[in-house]
Amino acid sequence: MAELSLEMLGITKAFPGVVALDNVSFTCHVGEVHALVGENGAGKSTLMKILAGVYQPDRGEILLRGRSIRLENPAAAQRLGIGIIYQEFNLLPWLTVAENILLGDLPRTRWGLVNWSRTYEEAQRALDRLGVCLDLKARVIDLSVAQQQLVEIAKVLSLHTDLSVIIMDEPSAVLAGHELEQLFAVIRTLKAQGVTVVYISHRLDEVFEIADRVTVLRDGHSVGTGCVADMDKPTLISMMVGRSLDETFPARTGDVGEPFLEVRNLSCTQLGLRDISFTLHRGEILGLAGLVGAGRSELAMSLFGVARIDGGQVTLDGKPLPLGKPKATIDMGLALVPEKRKEQGLVLSQSVRNNTSLVILDRLRRLVLIDDRRERELVEQQVRDLDIKTPNLEREVGYLSGGNQQKVVLAKWLSSAPKLIIMDEPTRGIDVGAKAEIYQLMRALADKGTSIIMISSELPEVIGMSDRILVMSRGRLAGELDRMEATEERILTLAVGETLVAACDTDDGQPVGGEVN
Amino acid sequence: MTTTSVTPQPVGKSAFKHFLADNALILVLYGALLVALAALSIYSPTFRSSANLWTLARQTVIPGIIGIAQTIIILSGGIDLSVASLVTLISLLCAGLMDGKPERLLPVVLLMLLIGLVVGLANGLIVTRGRVPPFIATLGMSLILQGAAYAYATVPKGGVAPGMADVLYYGSVGPVPLPVIYLVVIFALSVLLMYRTPFGRAVYAVGGDAEVARRSGIQVGRIRILVYCLGSFLVALAALIATARMGIGDPLAGNGMELDSITAVVIGGTSLFGGRGNLFGTLAGVIILMLINNVMVILGVSVFYQQLIKGAVVLLVVAIYKQRA
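Protein chains in written order, with our numbering: chain A, 1 to 517; chain B, 1 to 325.
Because the hints were derived from the structure by calculation, they are not lab data.
C-beta: ideal position from N, C-alpha, C; glycine also.
Some hints could be false.
[Claimed, not checked] Computed list of lysine-lysine pairs in DSS-like fashion (alpha-carbon distance at most 27 Å, straight line):
#1 A:342 to B:322
#2 B:17 to A:389
#3 A:448 to A:389
#4 A:49 to B:322
[Unchecked claim] Anything over 12 Å on all C-beta distances counts as not near chain B; from chain A, calculated:
#5 74
#6 251
#7 257
#8 449
Required output: the full structure, derived from the provided sequences and hints.
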């Protein structure tokens, strides 16, 4: 019988108007990777924030190695050796790796100045414990996201002399391909040192790969805990959603139409895009696969007009697409649902209504004023169609959940009735139920003749949704696959192609040009 | 495509509650203002005299118009530190060039409004094309305008044409002072502009998140430039009213107006980071600052204490806002 590390027993936590956790129990062993899964709003974050000392439970007990503990604030959790890696990193971009790792407690000389030699020594020790190699004097802003994540983990290690539990909240959301492997290697290293890793993720494949056991939360209740080895994906999904969910992707009903978008020899040195040519048909869903940094988002940005290009021609429905001007592009019927919805998709301080109508303000105008009634009807229609859960239209979108925020971004672009939608990671960080809804929606749009370019790092999604798949590698198109012939192996082979060497280089901690995003 | 369909919660009590919740800050602000007015009226016969109240309203006009300008600029994610120098420059130039001659009234007034537009355009271009942060851009502009004003005159100069004083400041319709009518009209138009036109929505979007705005097809640079033009135009209008009030060009005409206007905006609950806030709050802020002045004058308190109390009010109000959030 494995030794118990962390026990959370009968935890209940209510917020005004909602019981976030109802008598939830969660138990981990020493040296175990324990996955915590559940849809958005299931209570994962609340449970972890209680563990991090951010929230206080209304009822329940927490034990660490058999001893009852109280976590009245984050400092208390820190003292007890409980660390947390949030989705948003807490790093100071202009400081060095070493400074960031030891930020809370820089070693000092007896004169009260920073003791640099000890700083580097201790930072190095933290990195060694993770089994990774980074340049201690590099500024964090120059690192790739994956490397920044390693700094964040090293920081947690150095903060807790005796780290017993580390919580990782969606650590893979920012990673892809080879980077994920490195994270898993780090997790295994920590595990070997007897650290309990709580791994929160939406991606079930990862859970099956890295976790020993998994606990499922649903609507603030714990549905169950089990060994990963005894489970399969459908079981887990049905535990999460409380119903068995048809995981198959909605099939196309008709044929694709005539060519719609023609891209010829598109290049952009600044974004690292080289000589890209392809055709997109009416009503077609074109998947764009590749590793992070392969240039997929950059291609989307240059088509949409956010970035300037150096050469090449793009025509939409036979007419040249004005590049470099988002407004003109939008007027021609393009929409870009961005990867980072908070930074690029939504004005968080504005209401659902104002965000949804932002793209079509000019179309809603009657003489000089916005037609209030038409705007309201249109937004209400979108809220209904997409099933956006919001108390009213005037709610600031910053207060909505991630899935609902993503739906508002979709609503905003759908309201402009686009002829071509580029969706960059449309289901990232979204729960299983909302994902299925978005797939249905994409297929319905395509069936109505809308062309879609979908960028995704989740291969099953790319293969399941796309009519045709383009694979990018280092700023070039590495190949094209038909829906029928696409397999994960084929896509990966094309995607990795020449970057295989570069991927190995990053393991030595040397940032590789063009790979850093 | 969905299994359940949830409509946004409809009308009735809950919608009213949401309205209260969404506008709590403004409602509290106006509530406090009403209480203060009532209390002052009960305790001070001087205060409640209609002459004093109309004077108060008249005095609100200039800071009110500048407050509107500052609010729109701050909502767009900018700030304007050049308003005070612009008021001083226009005061001196207007009275100096007009020099009491009626035939020069119209051309000089138009020239002053044009100067306002040009200064706004310059601010906007420096911020957008020059990529200078608004704080620094308008700080530099403030020094330039101040320098220009003092190069022109360092002592009171010239005089306004007969009639200008009445039309812009001292005249009234019945008991209502003309400038108060101007303020109400400008305020109403600004409210329509900010909440009911694509331009206004774009200003909020640009201030809330410029990158998102750009990706939504909003021409961010153009909006910013227009905002500074509109702002400086309004400030020029306020400066003309201020000149009419003084009757001469006053080298101290604008003194302190940049900070007073920002103070009013802050009391009104508008975020200095842009994208959040509204004109109603600013109006309350302006009136609150006016009330403090007025009461202090009635009580015969020194001007230094006025500043002290204003400062305390700002800190108190902002601290209260932060607690709520």
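Practice problem: Please confirm whether residue 74 of chain A is truly not at the interface, meaning its C-beta sits more than 12 Å away from all C-beta atoms of chain B. | Solution: holds (20 Å)
Quiz item: Within a Cα-Cα threshold of 27 Å, do residue 342 of chain A and residue 322 of chain B meet the stated pairing?
Solution: Holds, because 23 Å separates the two Cα atoms, which is no more than 27 Å.
Quiz item: When you check the alpha-carbon spacing of residue 448 of chain A and residue 389 of chain A, does it fall within 27 Å?
Solution: holds (26 Å)
Exercise. Would you check the hint for residue 49 of chain A and residue 322 of chain B, treating anything up to 27 Å between C-alpha atoms as holding?
Key: holds (23 Å)
Quiz prompt | Check on residue 251 of chain A being off the interface with chain B, judged by Cβ distance over 12 Å | solution = The assertion about residue 251 of chain A holds, with a minimum of 15 Å to chain B.
Quiz item: Beyond 12 Å from chain B, beta-carbon-wise, is residue 449 of chain A?
Solution: It holds; residue 449 of chain A is separated from chain B by about 17 Å at its closest Cβ, greater than 12 Å.
Quiz item: For the pair supplied as a hint, residue 17 of chain B and residue 389 of chain A, is the alpha-carbon distance within the 27 Å limit?
Solution: Given that 27 Å is the threshold and the Cα spacing comes to 18 Å, the pair holds.
Exercise. Decide, holds or violated, for the assertion that all CB atoms of chain B are farther than 12 Å from the CB of residue 257 of chain A.
Key: Correct as stated: the minimum Cβ-Cβ distance to chain B is 22 Å, above 12 Å.
When each numbered hint is compared with the structure, no violation occurs for any of them.
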